[in-house]
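With the sequences and hints as input, model every part of the structure.
Number of protein chains: 2
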Amino acid sequence: MSLHLRSLTITDEFWSHYRELVRTEMIPYQWNVLNDNANITIEKERNDNNIPSEKSHAIENFKIAAGLKQGNHYGWVFQDSDVYKWLEAVAYSLSIHPDAELQELADSVIDLIALAQEEDGYLNTYFSIEEPERRFKQLAESHELYCAGHFIEAAVAYYESTHNEKALHIACRLADCIDASFGKGEHQIQGYDGHEEIELALTKLYSLTKEQRYLNLSRYFLYERGTDTTFFARQQAEDSGTKPVIAGMNHRPLEYYQAHQPILEQQTAEGHAVRLVYMCTAMADVALLAGDTAMLEACRRLWKNMITKRMYITGGIGSTVDGEAFTLDYDLPNDTMYCETCASIGLIFFAFNMLKNEARSEYADVLERALYNTAIGGMALDGKHFFYVNPLEVHPENSRRDPGKSHVKFTRPEWFGCACCPPNLARLLTSLHKYIYTVQSEQKAIYTNLFITSTATLEIDNHKVQLEQTTTLPWEGHVSIITHTEQPTSFTLALRLPYWADDYSLVVNGESVVNGESIEAEVSNGFIHVDRIWQSNDKIELILPMEIKEYTAHPLVRADIGKVAIGRGPFIYCAEEVDNGEHLHLIQLTKNQNYQYEFDEQLLGGVGKINVEAQKRTITSQWEDVLYASQVSTTYDATTLRLIPYYCWANRQPGEMLVWLNQA
Amino acid sequence: MSLHLRSLTITDEFWSHYRELVRTEMIPYQWNVLNDNANITIEKERNDNNIPSEKSHAIENFKIAAGLKQGNHYGWVFQDSDVYKWLEAVAYSLSIHPDAELQELADSVIDLIALAQEEDGYLNTYFSIEEPERRFKQLAESHELYCAGHFIEAAVAYYESTHNEKALHIACRLADCIDASFGKGEHQIQGYDGHEEIELALTKLYSLTKEQRYLNLSRYFLYERGTDTTFFARQQAEDSGTKPVIAGMNHRPLEYYQAHQPILEQQTAEGHAVRLVYMCTAMADVALLAGDTAMLEACRRLWKNMITKRMYITGGIGSTVDGEAFTLDYDLPNDTMYCETCASIGLIFFAFNMLKNEARSEYADVLERALYNTAIGGMALDGKHFFYVNPLEVHPENSRRDPGKSHVKFTRPEWFGCACCPPNLARLLTSLHKYIYTVQSEQKAIYTNLFITSTATLEIDNHKVQLEQTTTLPWEGHVSIITHTEQPTSFTLALRLPYWADDYSLVVNGESVVNGESIEAEVSNGFIHVDRIWQSNDKIELILPMEIKEYTAHPLVRADIGKVAIGRGPFIYCAEEVDNGEHLHLIQLTKNQNYQYEFDEQLLGGVGKINVEAQKRTITSQWEDVLYASQVSTTYDATTLRLIPYYCWANRQPGEMLVWLNQA
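Each protein sequence line maps, in turn, to chains A and B.
With the UniProt record's numbering applied, the first sequence corresponds to residues 1 to 664, in that order.
With the UniProt record's numbering applied, the second sequence corresponds to residues 1 to 664, in that order.
These aren't lab readings, by the way, just hints derived from the structure by calculation.
Bear in mind the structure is a predicted one, so any value in this text is a computation, not a measurement.
A couple of the hints might just be wrong.
It does not matter which identical chain is used: a pair holds within one copy or between any two.
[What the hints assert, rightly or not] Here are the simulated lysine-lysine pairs, DSS-like style, with alpha carbons at most 25 Å apart:
#, residue 1, residue 2
1, K184, K384
2, K309, K616
3, K464, K356
4, K166, K591
5, K444, K137
6, K304, K356
7, K591, K616
8, K444, K609
9, K210, K356
10, K356, K591
11, K69, K184
12, K591, K55
13, K464, K184
14, K210, K184
15, K616, K444
16, K356, K434
17, K69, K55
18, K243, K63
19, K210, K444
Here you go:
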C-alpha cells in the first residue's frame with residue numbers, strides 16, 4: 001500500500017497572480033539587483049552605519065571568487081545567499097513555467113558558482129576572497145553554513161525542476177566538505193553555525209540523494225547545539241582576525257542563537273525568530289526522517305510555546321527589534337515588534353514539516369495564518385516593494401521621530417541592504433503548491449492543508465489519481481474536490497476544518513454527509529476524513545461559513561486588552577488612515593455590531609472589504625492646551641469603520657494602520 | 001517701595017524628613033562614593049560596555065590634576081560634576097544645619113579644586129590630566145562648560161551659605177577664562193557646550209557678583225546656540241584627537257543638543273530632556289535679568305509645548321531612552337519612556353525661573369507635580385537608593401527580558417555609573433526652601449508657590465515681616481499664614497489655587513472672605529491675592545478640598561486611552577503588585593466609584609492610601625493553550641484596588657507597578 005504525491009499545479013486566481021508577479025517582476029528585478037543593474041534605492045532596514053547597502057555586488061563577489069575578476073568582496077558576509085535564494089525561486093518558477101532563456105541564465109550562474117567553489121568543496125565568496133585563513137573560525141557570525149544551506153536548498157530545487165546535476169554536484173561536494181570539517185572526530189570542529197539553515201538543507205539533500213551522512217550531519221548539528229555553551233566564545237577568543245565579521249554583533253546572548261541549552265531542553269522559543277523557526281524546521285524533518293521521537297517532542301514543545309504565547313494574530317513572530325527576537329510569553333506589542341517577513345516564512349516551513357509528521361489542523365491553521373497575512377503582506381501588490389518588519393499598528397510620525405520605532409516602515413521600500421526577505425518570499429510563492437497537501441503514505445491518506453484551486457496528481461498503489469480542487473477561497477467558503485481515477489481506488493481524503501469556521505457542511509456526490517450514514521466521515525485532529533473507494537468524478541464538497549469574526553487576545557497580552565481584531569476566513573483585517581481619517585485609536589467598536597462584507601473588484605486589485613458602524617471619540621474644546629483633566633465628558637461621533645485585509649495595507653497613500661481595534 | 005525675601009526655614013514634617021535624609025545619609029554616602037570608600041554596587045544605568053562604572057574616582061581625579069598624585073583620569077569626562085553637585089548640596093545643607101566638621105571638609109575640597117585649576121582659570125580634571133591639547137575642541141561631547149557650570153553653581157551656593165570667598169574666586173577665574181575663550185572675537189571660539197548648564201550658572205554668578213560680563217556671556221551662549229548648525233561637525237572634523245571623548249555619542253542629531261535652530265525659532269521641546277530644561281532655565285533667568293522679552297516669549301512657547309503635549313502626569317519628561325529625549329507631541333508611552341529624575345529636577349528649575357518672571361500658577365502647579373511625584377520618586381525612603389528612569393508602568397519580567405525595557409528598573413539601585421541624579425536630588429532637597437515663595441518686588445507682592453510649613457523673613461520697605469506658614473499638606477488641605485510685623489505693613493500676599501482643587505475657601509482673621517466685602521481678594525492667574533495692611537498675628541487661612549481625582553489624558557495620548565490616573569492633592573497614585581497581586585492590567589475601575597482615603601502611619605513611613613472597589617478580569621479555562629479566540633465571554637471578580645502615592649513605589653518587595661488604570 002502506498003500513496004505518493006507526484007505533481008501539483010496551481011490554477012487559483014488569487015495565488016496565480018502572486019506567482020506570476022514572482023516570475024515576471026521579482027525574478028528579473030532581483031537579477032538586476034544582484035548584478036547592480038537596477039536603478040533602485042536600497043534601503044537600510046535599520047539606522048545603522050555598519051550596514052553595507054550601497055549596492056548588492058553579489059554576482060560580482062562570485063566573479064571575484066571565481067578568479068574572473070579582480071576586486072574585493074562587498075556587502076554582508078552572507079551576501080551569497082541572495083544569489084542562492086534567487087536560484088531557488090528560479091528553480092520553482094521553471095517547474096511552473098518553463099523558460100529556456102531563464103534556465104540558461106540560471107545554468108550560467110551555476111557555472112559561475114562552480115568556479116567559485118574551492119578544491120575541497122568549500123564555497124563562500126567572502127572568506128575565499130577576503131579571509132581564507134578564518135574559514136569556520138567565527139561561526140557565531142560567519143554565516144558560512146547558513147550560506148551553504150541556501151545553496152544546497154537551491155541545488156535540490158534546481159535538480160528537481162531541471163535535472164541539472166551540476167548544481168547538485170556542487171551541493172554534495174560542499175556538504176561533504178562540511179561533513180569532513182565538523183563532528184566529534186579528532187581534527188573536526190565540534191560546533192555549529194550561529195544561524196541555523198544548513199540543518200534543514202541537509203535533510204532536503206538527504207531526501208533527494210538518500211545519502212545517510214547528510215541526515216546524520218543535520219542531526220549532529222542539531223544535537224550539538226547548546227551542549228557546549230562556551231563554543232562561540234572560545235572561537236572568538238582563539239580567532240586571530242582583527243576585524244569583526246559582522247560589526248556590532250558579538251554582544252548577543254546565547255539565546256539569540258538558540259545555543260543556550262541543548263535543543264531538547266529548550267522549553268520556550270527564544271532568540272532571533274528566523275533562526276528559531278529554521279532550527280525547528282530542521283528538527284521536524286529530522287524527527288520524521290530519522291524517526292526521532294524525542295526530537296518530535298521538542299518540536300511540539302517549542303511549537304506550543306510559540307503559537308500559544310508568542311505569535312501575533314497575523315502569524316508574525318519576533319516581539320522586539322533588538323536581536324529581531326522573541327522576548328517573553330504574552331509580550332506582543334503592536335507598534336515596536338519586529339515580525340520579520342522571513343520569520344513568518346520560516347514559521348510556514350516549520351508548520352509544514354510538522355504536518356508531515358502528524359496531521360493536525362493547528363499546523364495548517366498557523367501556516368495559513370502566516371501565509372495570508374504577514375508573508376504576502378511583506379510585499380506590495382506591484383511585486384516590487386517589500387517590508388522587512390510587519391507591524392500591527394503604525395503611525396508615520398512616530399516612525400519618523402521616535403528612534404524606538406525607526407525600524408517600523410509605513411511604506412514598503414524597494415530593496416534592503418540585508419536582502420533576505422524578498423527572495424525568501426519569491427521562493428515561498430513559487431513553491432506554494434508543495435504546501436497544499438500532505439500525504440500519510442502508510443495510512444493511504446491525503447490531507448488538504450490549504451484551499452487553493454489546483455490539480456494534484458497522486459500515485460496510489462501504482463495507480464494515478466487526480467484531485468481537482470476548485471475553491472472560492474480566500475473570499476468565499478466553498479471547496480470542491482473531484483477525483484479522477486484510473487480505477488476505483490481506496491484512500492482517505494481528509495480536509496482541514498479551519499479554525500475560523502465554527503461550522504461546516506460536507507457533501508459527497510451531492511449528498512450531505514452525516515456520520516453513521518452511507519459515507520464515513522470522521523473528524524479528528526481538525527480534519528474531516530472521508531475514507532472510501534473513490535471513482536472517477538466523485539465530488540466532495542466542503543462548505544465553510546465565512547463569518548466575520550471578532551478575535552480577542554489572551555488576557556495576559558497587555559497590548560491587546562480591551563481590543564478586538566477582525567477576521568474573515570484566512571484574513572485578518574486592518575483599518576487604514578486613507579479609509580478612516582487620522583487617529584485610528586479614537587475609533588471604537590461597540591459590542592454586537594453588524595459587519596458588512598463586500599467584495600470590491602476596484603479596490604486594491606480586488607479585495608473583500610468590511611464596513612461596520614462605530615464611534616469616534618471627539619476631541620472637544622475642553623482639551624485645548626490641556627494635557628490632563630478631571631471631570632471629562634467623553635463624546636463620540638458616529639462613523640463607519642472601513643477595514644481591508646491586512647496583507648494589502650500600505651498600497652495606497654501612506655498613513656496610520658491598525659489591526660487591534662478599541663472596543664467600547 | 002521694596003519687598004525682599006531674606007531667609008526661609010522649613011519646619012514641615014514631610015520635607016524635613018527628606019532634608020534630614022540628605023544631611024545624614026546622602027551627603028556622607030556620596031562623599032564615600034566620591035572617595036571610593038563606599039561598599040556599594042555601582043549600577044550601570046544602561047547595558048552598555050562603554051560606560052565606566054567600576055568606581056567613582058572623582059576626588060582622586062582632582063588629586064591627580066592638582067599634582068598631588070600620579071595617575072590617570074577615570075570615569076566619565078564629566079565626573080567632576082559629581083563633586084560639584086555634592087559641594088552644592090553641602091552648601092545648602094550648611095545653611096539649614098551648621099556643621100563645622102562638614103564645612104571643614106568642604107573647605108578642603110575647595111582647596112583641592114583650587115590646586116586643580118590651571119593658571120588661566122581653566123578647570124577640568126579630564127582635559128588637564130589626559131588631553132590638555134583638546135581643551136574646548138570637542139564641545140559637543142566634552143561637557144567642559146557643563147562641569148564649569150556646576151562648579152559655579154556650587155561656588156555661588158557655598159558663598160551664600162558660608163561666605164567662603166575661595167570657591168567664588170575660583171568660579172570667577174573660571175568664568176573669566178571661559179569669557180576670554182568664547183565669543184565673536186578674532187581668537188575666540190564661536191560656539192557652545194553640547195550640554196547646557198554654564199548658561200544657568202552664569203546668571204547665578206551674575207546675580208551674586210553683578211558682573212555684567214557673566215550675564216552677557218550667558219546670553220551669548222544662548223543666542224549663539226543653533227545659529228551655525230555646522231559648529232559641532234566642524235569641531236569634530238578639525239579635532240586631531242583619535243579617541244572619542246564619549247564613545248558612541250557622535251551620531252546624535254543636532255536636536256539632541258537643541259542646536260538645530262536658533263533658540264528663539266525653536267517651536268517644540270526637542271532632544272535630550274535634561275539639556276532642554278537646563279537651557280530653558282537659563283533662558284528664563286536671562287529674560288528676567290536682561291529684560292529680554294523675546295527670550296521670555298521663547299520660554300513661554302517651549303513651556304507650553306512641553307507641558308501641554310510632552311509631559312507625563314507625574315511631571316516626568318523624556319519619552320524615549322534613545323537620547324534620553326523628547327519624541328513628538330502626545331507620544332507618552334508608560335513603559336518604555338525615560339523620565340529621568342534629573343529632567344524633572346530641571347523642569348522644577350525652569351518652572352521656578354518662570355515664576356520669577358510672571359506669577360502664573362501653572363508654573364507652580366508643574367513645579368509641585370514634578371517635585372511630589374517624579375523628583376522624590378527618584379529616591380528610596382532610605383535615602384540610599386535611586387532611580388534614574390521613572391516609569392509609569394513596570395513589569396519586572398519585561399525589564400529583565402525585553403532589551404527595549406532593560407533601562408526600566410523595578411528596584412532602585414544604590415548608585416549609577418553616570419551619577420547625575422542622586423546629587424541633583426540632594427541639592428534640590430536642601431535648597432527646597434527657595435521654591436516656596438516668589439517675590440514681585442515692584443508690586444510689593446509675595447506669591448506662595450508651595451504649601452510647606454515654614455517661616456519666611458521678608459524685608460518690606462526696610463521693615464521686617466515674618467510669614468509663618470503652617471499647613472497640613474501634602475495630606476490634608478489646610479494652609480494658614482500668620483504675619484508677624486514690626487509695624488502695620490502694606491503688601492500683597494498671594495496664594496496659589498492649585499490645579500487639583502476645584503474649590504477653595506479663604507478665611508482672614510476668622511472671617512470668610514467673599515469678594516466685595518471688607519477684604520479685597522482678587523483671583524488672577526491662578527493666585528488669590530490679598531492686598532492689605534498687615535498687622536502682627538493677622539491670620540490668613542486657605543482651605544483646599546482634598547478630593548480624589550480621576551484624571552484623563554488628552555485623547556491623542558494613545559498610551560492612556562481608556563485609562564485614568566488617580567490623584568489626591570499634589571500626589572499622583574499608583575498600584576503595586578504587593579498590594580494588588582500580579583497582572584495589574586486586568587484590574588479595571590468602574591465608573592463613578594467611591595474612593596476611600598485613609599492616612600496609614602504604618603505604611604511606607606506614613607502615607608495616605610486610597611482604596612476603591614474595582615473588578616479584575618478572570619482568566620477562564622477557555623484560554624488554556626489559546627492565544628486568540630472569538631466568542632469570548634469576559635468575566636470579572638470583584639476586588640479592592642489599593643493605591644499608594646507614586647513617589648513611594650518600589651520601597652517594598654519588587655513587582656509590577658501601574659499609574660494609568662484601565663477603566664470599564
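Here is how each hint holds up against the structure:
For the identical chains of this complex, K184 and K384 are neighbours neither inside a copy (46 Å) nor across copies (54 Å), given an alpha-carbon limit of 25 Å. Proximity of K309 and K616 under a CA criterion of 25 Å is satisfied inter-copy only: 21 Å between copies versus 31 Å inside one chain copy. Taking identical chains as interchangeable, the C-alpha atoms of K464 and K356 lie at most 25 Å apart only when both belong to the same chain, with a minimum of 21 Å there against 93 Å between chains. Within a single copy, K166 and K591 get their C-alpha atoms no closer than 62 Å, and across copies no closer than 73 Å, so neither meets the 25 Å cut-off.
Taking CA atoms no more than 25 Å apart as the test, K444 paired with K137 passes in neither setting, with 48 Å inside one copy and 79 Å between copies. When the C-alpha separation of K304 and K356 is checked against a cutoff of 25 Å, the pair qualifies only within one copy, where the shortest distance is 17 Å, while the shortest distance between copies is 63 Å. For a Cα distance limit of 25 Å, the shortest separation of K591 from K616 qualifies both inside one copy, at 14 Å, and across copies, at 20 Å. For the homomeric pair K444 and K609, neither the shortest alpha-carbon distance inside one copy (40 Å) nor that between copies (69 Å) is at most 25 Å.
Only within a single protomer do K210 and K356 lie at most 25 Å apart by alpha-carbon distance; the minimum there is 18 Å, versus 85 Å between protomers. Taking the closest pair of Cα atoms, K356 and K591 never come within 25 Å of each other, the shortest separation being 41 Å inside a single copy and 53 Å across copies. In this assembly of identical chains, the alpha carbons of K69 and K184 never lie at most 25 Å apart, being 38 Å within a copy and 56 Å across copies at closest. In this homomeric assembly, K591 and K55 never come within 25 Å of each other (Cα to Cα): the closest approach is 52 Å inside a single copy and 59 Å across copies.
For the homomeric pair K464 and K184, neither the shortest alpha-carbon distance inside one copy (46 Å) nor that between copies (91 Å) is at most 25 Å. With identical chains, the CA atoms of K210 and K184 are at most 25 Å apart within one copy only, with a shortest distance of 23 Å there and 81 Å across copies. Taking the shortest alpha-carbon separations for K616 and K444, neither the intra-copy value of 55 Å nor the inter-copy value of 51 Å comes in at or below 25 Å. Taking identical chains as interchangeable, the C-alpha atoms of K356 and K434 lie at most 25 Å apart only when both belong to the same chain, with a minimum of 12 Å there against 75 Å between chains.
In this assembly of identical chains, the alpha carbons of K69 and K55 lie at most 25 Å apart only when taken from the same copy (17 Å versus 55 Å across copies). For a Cα distance limit of 25 Å, the shortest separation of K243 from K63 inside one copy, 24 Å, qualifies, whereas the shortest one across copies, 39 Å, does not. For the homomeric pair K210 and K444, the shortest alpha-carbon distance inside one copy (23 Å) is at most 25 Å, but the shortest distance between copies (98 Å) is not.
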